[in-house]
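*Asks:* Listed below are the residues making up each chain.
There are 2 protein chains.
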Amino acid sequence: MCALIKQCEFIIANLHSNLYKTYNMPSISRKGIEMPESPIRKLVPYAEAAKKRGVSVFHLNIGQPDIKTPQVALDAVKNNTLETLAYARSEGSEEYRTKLAKYYVKNNIPVTADNLVITTGGSEALLFAMGSISDPGDEVIIPEPFYANYNGFATASGVTVVPVISKIENNFALPKIEEFEKLITSKTKAILICNPGNPTGYLYSEEEIEKLKKIVLKHDLFLIADEVYREFTYDGLTHTSVLSLDGLENNAIVVDSVSKRYSMCGARIGCIVSKNQEFIQTAIKFAQARLSPPTYALIASEAALDTPDSYFTDVKEEYVARRDTLISELEKIEGVTVANPKGAFYCVAQLPVKDSDHFAQWLLEDFNLNNETVMVAPASGFYSTPGEGKNQVRIAYVLNKLDLIRSVEILAAALKQYPN
Amino acid sequence: MCALIKQCEFIIANLHSNLYKTYNMPSISRKGIEMPESPIRKLVPYAEAAKKRGVSVFHLNIGQPDIKTPQVALDAVKNNTLETLAYARSEGSEEYRTKLAKYYVKNNIPVTADNLVITTGGSEALLFAMGSISDPGDEVIIPEPFYANYNGFATASGVTVVPVISKIENNFALPKIEEFEKLITSKTKAILICNPGNPTGYLYSEEEIEKLKKIVLKHDLFLIADEVYREFTYDGLTHTSVLSLDGLENNAIVVDSVSKRYSMCGARIGCIVSKNQEFIQTAIKFAQARLSPPTYALIASEAALDTPDSYFTDVKEEYVARRDTLISELEKIEGVTVANPKGAFYCVAQLPVKDSDHFAQWLLEDFNLNNETVMVAPASGFYSTPGEGKNQVRIAYVLNKLDLIRSVEILAAALKQYPN
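Taken in sequence, the protein lines are chains P and G.
Residues 1 to 420, numbered by the UniProt record's numbering, are exactly what the first sequence covers, in order.
Residues 1 to 420, numbered by the UniProt record's numbering, are exactly what the second sequence covers, in order.
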């Protein structure tokens, strides 16, 4: 069914493409046509139009925290003495990788500088990882809902995302191992998880990671873990990295980023971590082709490693308070179900609406409460199974408590008024 | 023959991959195996070893100028007042794109902010352009020798590079149009040129660009021009952008970067420019998936647009002096042929050696003149036709005149001593 819909979409896209062709246009690629729009950013024009009409918009759609970047990182850039802004080493300088390896060791991830490739954001880390292990037509199994841009990177790499559904009723826990095994084919190259999860906020237990270990070893697969929210675990729970398990040395790949850890999303510095040297050497070739990560951001990221522990204690406390506020306010609204996140700073909420894409756009175009409205990310873009998540939205709790309370108040009023 | 060699390489790579397989390793992708090493960077470990032995290395291998970045750009970053280093807009802010469009208009390229997508370096601009117009198996025709990383981006995108040879005897002028036409198939999506050329330094005339216009219009192809060296034209010659020609609106794509223009290679800010809105909207989807270009570098790049014209006059004067010095010194060496560059800051030199890969490595490993040696880029990596360029190297004239004179002196002494 899913395949049939995809085929229809492709035929339509091709017709569209051929239509242009008759006007003597060179044609866009199939992958360019299939490339999804970001569910987090596609409604930006509607938000901008609302703002032009004088309506304030609370941005719950994007994981852009209002938390300050550590001063030590900001200062390092302000005090830099570069006269020529030169290329950095493709895989990152030995100094930075050595210092970064110490951060990992401290976090129970026993790696050395040679196990790291510095990338331009977690985005590029994912792209290099996918490119290094999969060819067009290969498959990667991902529990869904998943970070929407995995679809984008998969399309860019020609890789097919094979979703395995996790349910809001189970708080989006790891699907049963049998569900994974059913999906493994000769084309399967990896299982990809996000832990703690974006958009679900789910934190996989050590037991769940052990289950994944067994399955990837049995089938010779890579296990890619997007661990960019490593620090953001709540309620006394701790994070288990796929690189902390013995026996996964050849299989485990961690994708990482400074974006969320230090609230420096605009730096665009990430990292690939793996003990599989064949994989690392391949990723370095991708890194060489694009020359180097951004030099100023490397200065900020290396300095950020000196951020005092108190920064993280404060930030975590703030996120827990925001989460508690958001969840308790959301649960007051009739018809709303929300998964309680144990990590990251997102939650998925099920709303009493039929089509959250339409609802999210309506919030920006047709609704306001005393000239204020909210922007949320429709969840359909976080699924690759057509039709899934149509009554869900992702909410990022990246605003302060008062703004969150007001945002939910607006959402509640909107739901009452929404014609559905 | 070329295809046969590629097939053998693939079989060997697969054997290698399968060997690992027997040890229960998940396997690297075909594209990962085929991904070329950078000819510019692959010898870096030998250079580092030489330095550890106390040998100074003159770096003629990489287009990393010693020219200072404009003060206005450096100051903008030093004086920034950001407290949270946030994401930028995926395609670049409207302010920056508007200001950048004015730069293009001033350079006889009539575009608006909507024709621009800001990228993370020229590298990403090329990657998004290739991804937006071609699928695995599609073909792009490129005059060779060409910028080595085109091979890397093509491999990453699954695109086949179809080379059309330009000759050192003709100073690397545009190959005859019939040579292009012979190579066009139903899979051809674009012709890609670099103008002024890296590694050749060749500057295409308006007449040559007109010839390319005819052929892309006749066959409905894109014409991608890498114009990152636009400012670097010498001897009173001027640059012709593919976007300055009428009638190419749907076909022309310019790939650009701040790296060379403002000597800020480490910024990693580039740009895609096209009047084809279907193409631009597709490229924006690729841009959204990777979230945003680096924020600090955007601050530097926007400020760099206020660089006074005198900066470019001085820089150009300096490069002309360097070029003249380098070429006249090289021509003194017996057996050396060198193409006289009219733009950019590279030249290709033909040396009396059989294998310039071996020679370049030997320079670093086994040779020094009073504890000094030079690093050059073997030209074979700038060709995709196997066996081509084996007696050529690319030399970047990014060092001052005295260093260039000394470098050629070292090269001359090395050629006398080299066992060949």
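Keep in mind that the hints are not guaranteed to be accurate.
What the hints assert, rightly or not - Lysine-lysine pairs mimicking BS3-like chemistry, simulated, CA-CA at most 27 Å apart: (1) G:Lys42 with P:Lys78; (2) G:Lys332 with G:Lys102; (3) P:Lys51 with P:Lys102; (4) P:Lys99 with G:Lys102; (5) G:Lys187 with P:Lys51; (6) P:Lys68 with P:Lys78; (7) P:Lys68 with G:Lys52; (8) G:Lys68 with P:Lys78; (9) P:Lys42 with G:Lys42; (10) P:Lys316 with P:Lys102; (11) P:Lys52 with G:Lys99; (12) P:Lys78 with G:Lys99; (13) P:Lys187 with G:Lys187; (14) P:Lys275 with G:Lys78; (15) P:Lys99 with G:Lys99.
Said to hold, decoys possible - Only part of the chain P face toward chain G is listed, based on derived beta-carbon distances under 7 Å: (16) Asn149; (17) Gly236; (18) Gly247.
Stated by the list, open to error - Residues of chain G clear of chain P, computed beta-carbon distances all greater than 12 Å: (19) Arg53; (20) Ala283; (21) Ser310; (22) Ala413.
Hints in this document: simulated from the structure, not taken from any laboratory.
Even glycine gets a Cβ: it sits at the ideal position worked out from N, Cα and C.
*Asks:* Between the alpha carbons of Lys78 (chain P) and Lys99 (chain G), is the straight-line distance 27 Å or under?
*Replies:* holds (24 Å)
*Asks:* Just want to verify: Ala283 (chain G) was marked as not at the interface with chain P; is every Cβ pair farther apart than 12 Å?
*Replies:* Label violated. Min Cβ-Cβ 8 Å, cutoff 12 Å.
*Asks:* Does the alpha-carbon distance linking Lys52 (chain P) and Lys99 (chain G) stay inside the 27 Å limit?
*Replies:* Satisfied, since the Cα-Cα distance of roughly 22 Å is no more than 27 Å.
*Asks:* Would you check the hint for Lys42 (chain G) and Lys78 (chain P), treating anything up to 27 Å between C-alpha atoms as holding?
*Replies:* At roughly 33 Å apart (the allowed maximum being 27 Å), Lys78 (chain P) and Lys42 (chain G) break the hint.
*Asks:* Could you check that no beta carbon of chain P comes within 12 Å of the beta carbon of Ala413 (chain G)?
*Replies:* holds (29 Å)
*Asks:* Could you grab the alpha-carbon distance between Lys275 (chain P) and Lys78 (chain G) and see if it respects the 27 Å cut-off?
*Replies:* violated (38 Å)
*Asks:* Minimum Cβ separation between Ser310 (chain G) and chain P greater than 12 Å?
*Replies:* Fine: 18 Å to the nearest Cβ keeps Ser310 (chain G) off the interface.
*Asks:* Have a go at the Asn149 (chain P) hint: is there a Cβ in chain G nearer than 7 Å to its own Cβ?
*Replies:* Given a least distance of 5 Å, the restraint on Asn149 (chain P) holds.
*Asks:* Hint check: Lys68 (chain P) vs Lys52 (chain G), CA-CA at most 27 Å. Holds or violated?
*Replies:* violated (42 Å)
*Asks:* Is the hinted pair Lys99 (chain P) and Lys99 (chain G) satisfied, with a Cα-Cα distance of at most 27 Å?
*Replies:* violated (39 Å)
*Asks:* With d taken as the least Cβ-Cβ distance between Arg53 (chain G) and chain P, does d exceed 12 Å?
*Replies:* holds (18 Å)
*Asks:* Is the hinted pair Lys316 (chain P) and Lys102 (chain P) satisfied, with a Cα-Cα distance of at most 27 Å?
*Replies:* holds (22 Å)
In terms of the numbered hints stated before, the structure departs from hints 1, 2, 3, 4, 5, 7, 9, 14, 15, 17, 18, 20, listed from lowest to highest.
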